[in-house]
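**Q** One-letter residues, chain by chain:
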Amino acid sequence: MLLSLAWKNIWRNKKRSLIIIAAITFGLWGGIFSSAIMVGMMESMVETAISRDLSHIQIHKKDYDKDKDVRNFIPDGINVLDNIRSVKGIRAASGRTKIIGMAASPSSSYGVEIIGIVPEDSKQVTDIYAKLIEGSYFKSDRKNPILIGRKLAERLNLKLRSKVVLSFQNLEGGIAYIACRVVGIFKTNSSQFDEMNVYVAQGDMFRILESDPIIHEIAIRSESVETIDLVRDNLLILFSNLQVESWKDMAPELAYLSQTTGIYMYIFVGIILFALLFGITNTMLMSVVDRIRELGVLIAIGMKKSKVFIMIVLESVLLSLTGGFCGIGVGVLTIAYYGNNGIDLTAISGSLESFGATTILYPFLPAMMYIILTIMIVIAANIAALLPAWKATHLVPSEAIRTY
Amino acid sequence: MALIEITNLDRIYNTSAVPVHAVRDVTCNIEKQEFMAVVGPSGSGKTTLLNIIGGLDKPTSGKVVIDGIDLSTMPQSKLVDYRLGHIGFVFQAYNLIPVFTARENVEFIMLLQGVNKKERENRAIDLLKQVGLSERINSRPAQLSGGEQQRVAVARALASRPAFVLADEPTANLDTESAESLLDLMEELNDKYVMTFIFSTHDARVMRRARRIVSLQDGKIVEDKVVTPEKKQ
Ligand SMILES: Nc1ncnc2c1ncn2[C@@H]1O[C@H](COP(=O)(O)OP(=O)(O)OP(=O)(O)O)[C@@H](O)[C@H]1O
Ligand SMILES: [Mg+2]
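For the protein sequence lines, the chains are A and B, in the order given. Under this note's numbering, the first sequence has 395 at position 401, and the numbering climbs by one with no breaks. Add 398 to a position in the second sequence, counting from 1, and you land on the number used in this note's numbering.
Be aware that a few hints might be false.
Stated by the list, open to error - Output of the computed footprint for chain B on chain A, the stretches with three or more beta carbons under 8 Å from beta carbons of chain B:
id : segment
1  : 0 to 9
2  : 295 to 305
Unchecked claim - Simulated crosslink set (SDA-like; lysine to any residue; CA at most 25 Å straight-line):
id : chain 1 : residue 1 : chain 2 : residue 2
3  : A       : K301      : B       : M472
4  : B       : K476      : A       : L380
5  : A       : K299      : A       : S(-2)
6  : B       : K456      : B       : Q615
7  : A       : K2        : B       : R534
8  : B       : K456      : B       : R559
9  : A       : K385      : B       : R534
10 : A       : K2        : B       : C426
11 : A       : K298      : B       : L482
12 : A       : K2        : B       : S532
13 : A       : K298      : B       : L509
14 : A       : K299      : A       : N376
15 : A       : K385      : B       : S532
16 : A       : K8        : B       : V497
17 : B       : K476      : A       : E393
18 : A       : K385      : B       : R559
19 : A       : K9        : A       : S300
20 : B       : K456      : A       : S300
21 : B       : K516      : A       : L(-4)
22 : A       : K55       : A       : S185
No wet-lab data here; the hints were simulated from the structure. Built from N, CA and C at the ideal position, the CB exists for glycine as well.
Please work from the sequences and hints to get the whole structure.
**A** This is the structure in structure tokens:
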């Protein structure tokens, strides 16, 4: 009955309540939607980096990252790769033979990272095959096929079917050469990546190196994003002599950014709620002042201060939650709409590209944030109710009835 | 022992520059089932006296003892509970919660007392029948006439099963006919439930319906007489 009284009291002055509800709705909607854009941008940056090259988990020989020498391959790498494929929670794994070298065309040369892959294995882990803008994914009968990025193609003046010579250090410390044919040109969201990475078939590299198969890096996709850390920990135990890292370990700046985006969102919405708090306080104060006589009568007939207090707090909470749910509702709808259709950012994509973000943005907000948001609204409503409730409970009933 | 014993009651307001002596040395006993009017011109201290009897105001000196309990020394927090459990209030106007129906208004005070839902409903409907509003149970105050609203207020006052009912100018906002009929109702309830009624008025016609009239002037009792009430012609 107290709840129903509080609810009915809100609607006594419809105009006043609707104004504050509208303010809360728009404030929260704005907060939620811009947060979703930030989170969406963040997720897409992470997702892009993961599927371009990072993958979920990578395995190297210990200290490989300190010295990317050709000889720092994973001992018995092919066997390790086979074993990893049978570990629980792993969807796919791909071995990479990575050597720093030079790519030279008749006109110019440029330092690149040569990545030797088994094309079909790599397809399971990363999506370079989907980023081809010209040519095909190693579907060629040419000798020594190579995939290069568009940026490198521009720099070295290369076209499809052009010849490019790669030179790199071999296992004995000498220089090895391989003449390749461009069979595909890819373009990812990062021009920097496109400039610095070329893909060749692993077999061709082993032939030139005159060595047994060697692998410097194993890239792994886990079955689900949630279990990445679990799988990593498991692999750490199984391969304690190797370096096992999740994408968060490898790209801590990316992980940090995605984490701070979440915190930033709460601060952002918190500031909006803080501003709204004054509006709610004002509305509730007016509502209390309007009812001084009535509250006086209620206290006179025996309504305890604590009950009056609860009633005012309930009114504030119901008022705020009505606005809050409207705002969340509108927010969810717009996020759902743009989450499906995307927001086209091609107009400003130039600046985003080098940054590694996609040009179509899909705003997104994790479900947990809605729950925390609702709690934040309730807290704000309680704070906003303090002053009005204090005023209501400190009425002297005889005065309130006499003067109003 | 009388139901209410008032001894040497004084109330001085110091809120303005000149202290106002609103109640001066009032002493009187009120017995169970009295039907008593406090009368006097405007500013004579009727409201102040009723407020002190009802535990809404504290005397400057003197005391009010109800059923052996001294209200003047009771702390505010306990007074609320005391009022809820022992005193029924009817004010001049705007007694009711506007967003509640007649029934909900009567139920609300029982909710405060912690009466369960079923009993609340039954008692509210029963009381509204008693005050002649069986047809208006689900009407909100705005849909009721002034007289009907005061009847709901009387029903609410009785709903808490108080020791007595205090009504400060209950008829002041009513036309003669509604005022008479409200008094009929109060009289009937006074009889039927052995309920003590103390009401204030400065209306001579209302005054004549009382069985005891206490006249105030400048806060002093100038006359206290038992009368045979004139019945409505
Ligand atoms: N809170 C207060 N502060 C100061 N003076 C007050 C206060 N309440 C009442 N008074 C004064 O006390 C005196 C008695 O007031 P009270 O309201 O009791 O009279 P009343 O008989 O009820 O008058 P009315 O018939 O107009 O209702 C008046 O002079 C009034 O101005
Ligand atoms: Mg008065």
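**Q** Against each hint, give a clear statement of whether it holds in the structure.
**A** Consistency of the hints with the structure:
1. With 4 residues bearing a CB less than 8 Å from a CB of chain B, the segment 0 to 9 of chain A meets the requirement of three and the coverage assertion stands.
2. Look at the segment 295 to 305 of chain A against chain B: 6 of its residues bring a Cβ nearer than 8 Å to a Cβ of that chain, three or more, so the hint holds.
3. Distance restraint check for A/K301 and B/M472: the Cα-Cα separation of roughly 20 Å lies within the 25 Å cut-off, and the hinted pair is therefore satisfied.
4. Of the pairs offered as hints, the one joining B/K476 and A/L380 holds, with about 23 Å between alpha carbons and a cut-off of 25 Å not exceeded.
5. Restraint check for A/K299 and A/S(-2): the C-alpha separation of about 18 Å stays at or below 25 Å, so the hint holds.
6. Distance restraint check for B/K456 and B/Q615: the Cα-Cα separation of roughly 20 Å lies within the 25 Å cut-off, and the hinted pair is therefore satisfied.
7. Using a Cα cut-off of 25 Å, the hinted pair A/K2 and B/R534 holds, with the two alpha carbons roughly 20 Å apart.
8. Of the supplied pair hints, the one linking B/K456 and B/R559 holds, its CA atoms being roughly 24 Å apart against a limit of 25 Å.
9. The hinted pair formed by A/K385 and B/R534 fails the criterion: a straight-line CA distance of about 34 Å is larger than 25 Å.
10. A hinted pair counts as satisfied when its Cα atoms are at most 25 Å apart, and A/K2 with B/C426 does not qualify at roughly 44 Å.
11. Annotation: proposed proximity of A/K298 to B/L482 holds, straight-line Cα distance about 9 Å (limit 25 Å).
12. Our distance criterion of 25 Å between C-alpha atoms is met by A/K2 and B/S532, whose separation comes to about 24 Å.
13. Proximity of A/K298 to B/L509 is assessed by CA-CA distance (about 12 Å); at most 25 Å being required, the pair is judged to hold.
14. With a C-alpha separation of about 16 Å, the suggested pairing of A/K299 with A/N376 holds against the 25 Å cut-off.
15. The suggested pairing of A/K385 with B/S532 is violated, with an alpha-carbon distance near 37 Å, which exceeds 25 Å.
16. A distance of roughly 13 Å separates the Cα atoms of A/K8 and B/V497; the hinted pair therefore holds under the 25 Å criterion.
17. Straight-line distance between C-alpha atoms of B/K476 and A/E393 comes to about 19 Å, which keeps the hinted pair within the 25 Å bound.
18. Note on A/K385 and B/R559: the hinted pairing is violated, with a Cα-Cα distance of about 30 Å set against a maximum of 25 Å.
19. Taking the CA atoms of A/K9 and A/S300, the gap is near 28 Å; set against the 25 Å cutoff, the hint is violated.
20. For the hint linking B/K456 to A/S300, the alpha-carbon distance of about 22 Å falls within 25 Å, and the restraint holds.
21. For the proposed pair B/K516 and A/L(-4), the alpha carbon gap of about 16 Å is at most 25 Å, so the pair holds.
22. Distance hint between A/K55 and A/S185 is unfulfilled; the C-alpha atoms sit about 28 Å from each other, more than 25 Å.
In this structure, the hints that do not hold are numbers 9, 10, 15, 18, 19 and 22, in rising order.
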